[in-house]
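A.B. asks: Given the structure of chain A, go ahead and fit chains B, C and D with the ligands onto it with the hints provided.
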Amino acid sequence: MASPLDVQRIRKDFPILGRTVRGDRPLVYLDSAATSQKPTAVLDAERAYYENSNAAVHRGAHQLAEEATDAYESARAAIARFVGGRPEDIVFTKNATEGLNLAAYAFSNATAKASHGHAVDPRFVLTEKDSVVITEMEHHANLIPWQELCAKTGAQLRWIGLTDDGRLDLDQLSLIDDTTKVVSVVHQSNILGTVNPVRRVMDRAHEVGAIGVVDACQSIPHMPVDVEDLGADLVTWSGHKMLGPTGIGLLWGRAEILDAMPPFLTGGSMIETVHMDHSTFAPPPQRFEAGVPMVAQSVGLEAAVRYLEDVGMESVAQHEHDITEYALAGLQELPGVRIIGPTDAVDRGSAISFVVDGIHPHDVGQLLDDRGVAVRVGHHCAWPTCRRYNVPATTRLSSYIYNDRSDIDAALAGIRAAQEFFGVL
Amino acid sequence: MASPLDVQRIRKDFPILGRTVRGDRPLVYLDSAATSQKPTAVLDAERAYYENSNAAVHRGAHQLAEEATDAYESARAAIARFVGGRPEDIVFTKNATEGLNLAAYAFSNATAKASHGHAVDPRFVLTEKDSVVITEMEHHANLIPWQELCAKTGAQLRWIGLTDDGRLDLDQLSLIDDTTKVVSVVHQSNILGTVNPVRRVMDRAHEVGAIGVVDACQSIPHMPVDVEDLGADLVTWSGHKMLGPTGIGLLWGRAEILDAMPPFLTGGSMIETVHMDHSTFAPPPQRFEAGVPMVAQSVGLEAAVRYLEDVGMESVAQHEHDITEYALAGLQELPGVRIIGPTDAVDRGSAISFVVDGIHPHDVGQLLDDRGVAVRVGHHCAWPTCRRYNVPATTRLSSYIYNDRSDIDAALAGIRAAQEFFGVL
Amino acid sequence: MSDNVEALYQEIILDHYKHPRGATPLTDAQGESFQVNPTCGDEVTVGVRLDDAGHVHVGYEGQGCSISQASASVMSELLEGESVEHMAEAERAFLDMMHSKGAGEPNEDVLGDGIAFAGVSKYPARIKCALLPWMALQDARLKAGIDVDKAATSEI
Amino acid sequence: MSDNVEALYQEIILDHYKHPRGATPLTDAQGESFQVNPTCGDEVTVGVRLDDAGHVHVGYEGQGCSISQASASVMSELLEGESVEHMAEAERAFLDMMHSKGAGEPNEDVLGDGIAFAGVSKYPARIKCALLPWMALQDARLKAGIDVDKAATSEI
Ligand SMILES: Cc1ncc(COP(=O)(O)O)c(C=O)c1O
Ligand SMILES: Cc1ncc(COP(=O)(O)O)c(C=O)c1O
Numbered sequence: 000m001a002s003p004l005d006v007q008r009i010r011k012d013f014p015i016l017g018r019t020v021r022g023d024r025p026l027v028y029l030d031s032a033a034t035s036q037k038p039t040a041v042l043d044a045e046r047a048y049y050e051n052s053n054a055a056v057h058r059g060a061h062q063l064a065e066e067a068t069d070a071y072e073s074a075r076a077a078i079a080r081f082v083g084g085r086p087e088d089i090v091f092t093k094n095a096t097e098g099l100n101l102a103a104y105a106f107s108n109a110t111a112k113a114s115h116g117h118a119v120d121p122r123f124v125l126t127e128k129d130s131v132v133i134t135e136m137e138h139h140a141n142l143i144p145w146q147e148l149c150a151k152t153g154a155q156l157r158w159i160g161l162t163d164d165g166r167l168d169l170d171q172l173s174l175i176d177d178t179t180k181v182v183s184v185v186h187q188s189n190i191l192g193t194v195n196p197v198r199r200v201m202d203r204a205h206e207v208g209a210i211g212v213v214d215a216c217q218s219i220p221h222m223p224v225d226v227e228d229l230g231a232d233l234v235t236w237s238g239h240k241m242l243g244p245t246g247i248g249l250l251w252g253r254a255e256i257l258d259a260m261p262p263f264l265t266g267g268s269m270i271e272t273v274h275m276d277h278s279t280f281a282p283p284p285q286r287f288e289a290g291v292p293m294v295a296q297s298v299g300l301e302a303a304v305r306y307l308e309d310v311g312m313e314s315v316a317q318h319e320h321d322i323t324e325y326a327l328a329g330l331q332e333l334p335g336v337r338i339i340g341p342t343d344a345v346d347r348g349s350a351i352s353f354v355v356d357g358i359h360p361h362d363v364g365q366l367l368d369d370r371g372v373a374v375r376v377g378h379h380c381a382w383p384t385c386r387r388y389n390v391p392a393t394t395r396l397s398s399y400i401y402n403d404r405s406d407i408d409a410a411l412a413g414i415r416a417a418q419e420f421f422g423v424l
Numbered sequence: 000m001a002s003p004l005d006v007q008r009i010r011k012d013f014p015i016l017g018r019t020v021r022g023d024r025p026l027v028y029l030d031s032a033a034t035s036q037k038p039t040a041v042l043d044a045e046r047a048y049y050e051n052s053n054a055a056v057h058r059g060a061h062q063l064a065e066e067a068t069d070a071y072e073s074a075r076a077a078i079a080r081f082v083g084g085r086p087e088d089i090v091f092t093k094n095a096t097e098g099l100n101l102a103a104y105a106f107s108n109a110t111a112k113a114s115h116g117h118a119v120d121p122r123f124v125l126t127e128k129d130s131v132v133i134t135e136m137e138h139h140a141n142l143i144p145w146q147e148l149c150a151k152t153g154a155q156l157r158w159i160g161l162t163d164d165g166r167l168d169l170d171q172l173s174l175i176d177d178t179t180k181v182v183s184v185v186h187q188s189n190i191l192g193t194v195n196p197v198r199r200v201m202d203r204a205h206e207v208g209a210i211g212v213v214d215a216c217q218s219i220p221h222m223p224v225d226v227e228d229l230g231a232d233l234v235t236w237s238g239h240k241m242l243g244p245t246g247i248g249l250l251w252g253r254a255e256i257l258d259a260m261p262p263f264l265t266g267g268s269m270i271e272t273v274h275m276d277h278s279t280f281a282p283p284p285q286r287f288e289a290g291v292p293m294v295a296q297s298v299g300l301e302a303a304v305r306y307l308e309d310v311g312m313e314s315v316a317q318h319e320h321d322i323t324e325y326a327l328a329g330l331q332e333l334p335g336v337r338i339i340g341p342t343d344a345v346d347r348g349s350a351i352s353f354v355v356d357g358i359h360p361h362d363v364g365q366l367l368d369d370r371g372v373a374v375r376v377g378h379h380c381a382w383p384t385c386r387r388y389n390v391p392a393t394t395r396l397s398s399y400i401y402n403d404r405s406d407i408d409a410a411l412a413g414i415r416a417a418q419e420f421f422g423v424l
Numbered sequence: 000m001s002d003n004v005e006a007l008y009q010e011i012i013l014d015h016y017k018h019p020r021g022a023t024p025l026t027d028a029q030g031e032s033f034q035v036n037p038t039c040g041d042e043v044t045v046g047v048r049l050d051d052a053g054h055v056h057v058g059y060e061g062q063g064c065s066i067s068q069a070s071a072s073v074m075s076e077l078l079e080g081e082s083v084e085h086m087a088e089a090e091r092a093f094l095d096m097m098h099s100k101g102a103g104e105p106n107e108d109v110l111g112d113g114i115a116f117a118g119v120s121k122y123p124a125r126i127k128c129a130l131l132p133w134m135a136l137q138d139a140r141l142k143a144g145i146d147v148d149k150a151a152t153s154e155i
Numbered sequence: 000m001s002d003n004v005e006a007l008y009q010e011i012i013l014d015h016y017k018h019p020r021g022a023t024p025l026t027d028a029q030g031e032s033f034q035v036n037p038t039c040g041d042e043v044t045v046g047v048r049l050d051d052a053g054h055v056h057v058g059y060e061g062q063g064c065s066i067s068q069a070s071a072s073v074m075s076e077l078l079e080g081e082s083v084e085h086m087a088e089a090e091r092a093f094l095d096m097m098h099s100k101g102a103g104e105p106n107e108d109v110l111g112d113g114i115a116f117a118g119v120s121k122y123p124a125r126i127k128c129a130l131l132p133w134m135a136l137q138d139a140r141l142k143a144g145i146d147v148d149k150a151a152t153s154e155i
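Chains as they are written, first to last, in numbering that gives the first Met the number 0: chain A, 0 to 424; chain B, 0 to 424; chain C, 0 to 155; chain D, 0 to 155.
Read the hints as simulated data drawn from the structure, not as lab findings. Just so you know, even glycine gets a beta-carbon here, dropped at the ideal spot from N, CA and C. Be aware that one or more of the hints could be misleading.
Simulated crosslink set (DSS-like; lysine-lysine; CA at most 30 Å straight-line) [to be verified]:
#1 B/11 <-> A/112
#2 D/100 <-> D/127
#3 C/127 <-> C/100
#4 B/112 <-> A/112
#5 A/128 <-> B/112
Now the stretches of chain B that chain C is said to cover, found in silico as 3 or more residues with beta-carbon under 8 Å [claimed, not checked]:
#6 360–366
#7 378–385
Isolated chain A (complex conformation):
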């Protein structure tokens, strides 16, 4: 099925796509899995906020403070609507990494407090008998916080392995057992492109009474996602990958779970009462939003969400599916090129990693860059996944609503040129 998007029209909304790089090469931006570009509507919204309503939110008695608070809470509502959640269950973070840390710290903080006699929800208390389950395709952001949690509590870290064709090995779901207190899994891998059956993993987590976390960084920007449908307790993602500003991320939580979680970052705006020797905390989401938040960024993100709603997330997904099929086919036609991850477009997103025989990924990327094609090289913050597939690194193409088949053609031509240059054909 062809793309339903008018890419040429969309590109007009992204000023950066009109620039040239490396001299006079038109920019071909294929690095949206790292961060997306921003439409003018987002930049305008942020600027308008600063020029008209900037003030500290939830604090002042003056009109600017009212307007700023309104802007911030309206952004929360827009984002909630976008993912099918309630505004009260959406927490603003600085990025997805903070969201995942917020989740992991709920456990370490509860464990430490319990050991000093404070009342906490026992679901968040870990001992050496407990386990934490993740997968072998996690971004470092969904790996290291759990490693750290285990280092702090003595709990055991387990991971579900991968099949040779880049999928979760679901036979290993049994690693989630009665010892398991939390299961955290990526919805769509940023290195393999795989879309995981997270509902199945979350259901398994709930069978054993564990809390379920989903890293939706690469799914929410690229396909319609209803947070309720994922079956998770906590879902986190970033704003900068979905046309929004840098410096803002999101955490959605099931109300009952958010409510049971101890605070993470503490300070102003997250309190109920404060005395020198003790304090009580506000209900979620305020409990998790200490300090002056990223108000302008929330306003920019609301504009991004509205932009995506106008395009339509079904159309976005269909468009990317089309590009992904095209790119997978094109890469597989090139001799000496191997895709790391699923080779067909079923349950798969548009981030496509590959290696080229005889040329290091870094050099492939450099030669593509020289032709104006911006891709990412390296381990993509998923180093253990690279090891699983015996590659030191990969080159990755990743597209979004402003890319079309001609961008893929440019990348394919660049790979061929690199092969010629390095004499590996």
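C.D. replies: Below, chains B, C and D with the ligands alone, put in the same frame as chain A:
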């Protein structure tokens, strides 16, 4: 001494100051201690970044990634220069609250890891025999993280009390003793306006081998500050109070201390090597910057710093001193008005809290707002400080480079009008 | 002074603020609730009792701005000695009015002096002040086991 | 292909990449260092030994991109059997070149094939690749107790 600033010229750089509120009232913005307004140069810099160089930093092999990385690191260098530090010792956070939590979590994380046999620097390990010392004039952001730390480790929280005229009671410095592992103190109080002799407190902390932390949120935007001179190990402040964007804060650390600290937020970009079962971490500042950072905000903040350098921080301080003297005198001439905090402008910033006999601070603020005067009311995230002075809340005026005496006049006239309206004169 | 702020500070509100009615705790409360507005520190404790004849008794004590204190005073005056049904109706009406943003005509029969708070609904930061005693009431009567029609109260 | 990238991938670099010299670990190293570039995963282990006659011996093993691997090869060829002074001089010259952003004339007498890396200095992300083996060398020789004039090396 009169103000050295050409306030009328400066005001032209702040579009929001040209607006009206509550119908046709020109805005008189006296809430800069909550958050400052932003000059056009800051908004332009952010926008130019998005329109020309937006990409994920420290990750790509393409030109945009190079430019973005350059922009981000150049911002770090500019900020370092502004506070007299080295770029390598500056960590970007989302706000000052995160910086203070980063400091406090160094202790709880080290303590938890040590209890599970991991090697950590013993200076960060707390037991029930240890103490943490703060003051009674801390913002909640420099109080609750330490309360939480004590709840997690059993350490004892102590605080240095205040004198009736709004100063630290230095006789209580002896609370810092051999049990003390960390001392954290505000440089300039956001509620009282007091500028504390932090050097003396930090020196006392170092005498007993404790780590010293300074909350410089209200000082760095308003006076020349050299981080080395403070004598602290860690200094934190926010960008949004110094003409910069929302969503960015700073932590400066003494190299040796930063290096000894375990990571806080973990994930991408802060690692050295990653395996499924263990990881090693990058040196500071990267160790403390997990995930895609607030790049556009760093660029905006660099523009803010350059703006302040052009104005000159000596001039900023002198200007605010002038306004502060003027406001203190004017308030003290009003019958029924009591200043909470020092009543003279010696060692004192421009945040001035007061109460009006017979009118609740919230109502004072509302009536000022009705005249276009934006002030803050409440406990200003320093609730225990309000209790110390037996007030439920205060009304607070706070000025910056774009305010002049006429703004203070507007506030004074508003207070008088409120008194008339409530019939308390 | 703007029309809006005139509407906010109705004479009747100022009068209740300066001369609060019923501002004493209920010594024999069946349910009691302490509520605080974390942004400004306003506090109120409301106690409630249902007597054998089915009459509601309300007492309170607090400190805060004119709006929160007048609201408590108006509330206690309005409900003292009334039926549970009346209390439920007043709760609902007050809430609706607060969320109306100034639109709609508040019901004076049900709200009495409470209609003076209609102007508060135009000031988002002050709505919480006006609602504070009502939130305490709701919590207190739940603690006292005085339940009313759900629809009336679930949206505070 | 742009001039810059032609300058980056000098023939000599590609030749060292495809035919690395001295790419074996030193079995009798006095100091050894493993270095990794965390952004791309390039790795190198460099070993160093100073013999009784005052000659330096360098061995290495690694994996990574053309720039990092060629740099290791050029480095080992350049230093093998040379004096400590020569090593120090080469370290300093290589560093200076990398931080030059393409300005200045690298010293071929000191750097030999190493001058081929001048073009790398225009690609900030690749400077780390070229420096990786030199960082490992510096660390390895410090471990081996081979110290040189501070000014030469403290700025990597
Ligand atoms: C003294 C002081 N400390 C800490 C903070 C917290 O700063 P932020 O809200 O930017 O995290 C503030 C400002 O709100 C402050 O004034
Ligand atoms: C799958 C996945 N998880 C987590 C992250 C971390 O997101 P952020 O850098 O916005 O914190 C990313 C992106 O870098 C990602 O792709």
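A.B. asks: Between residue 100 of chain D and residue 127 of chain D, does the CA-CA distance stay at or below 30 Å?
C.D. replies: holds (13 Å)
A.B. asks: Counting residues of the region 378–385 of chain B with a beta carbon closer than 8 Å to any beta carbon of chain C, are there 3 or more?
C.D. replies: Satisfied; 3 residues make the cut.
A.B. asks: Does the alpha-carbon distance linking residue 11 of chain B and residue 112 of chain A stay inside the 30 Å limit?
C.D. replies: violated (52 Å)
A.B. asks: Please count how many residues of the region 360–366 of chain B have a CB within 8 Å of a CB from chain C and say whether that reaches 3.
C.D. replies: Coverage by chain C holds for the region 360–366 of chain B (5 residues, Cβ < 8 Å).
A.B. asks: Does the alpha-carbon distance linking residue 128 of chain A and residue 112 of chain B stay inside the 30 Å limit?
C.D. replies: holds (17 Å)
A.B. asks: Given the hinted pair residue 112 of chain B and residue 112 of chain A, is their alpha-carbon gap at most 30 Å?
C.D. replies: With a Cα-Cα distance of about 15 Å, the restraint between residue 112 of chain B and residue 112 of chain A holds, given a limit of 30 Å.
A.B. asks: Given the proposed pairing of residue 127 of chain C with residue 100 of chain C, does the C-alpha separation stay at or below 30 Å?
C.D. replies: holds (13 Å)
Hint compliance for this structure: hint 1 is the single one not met.
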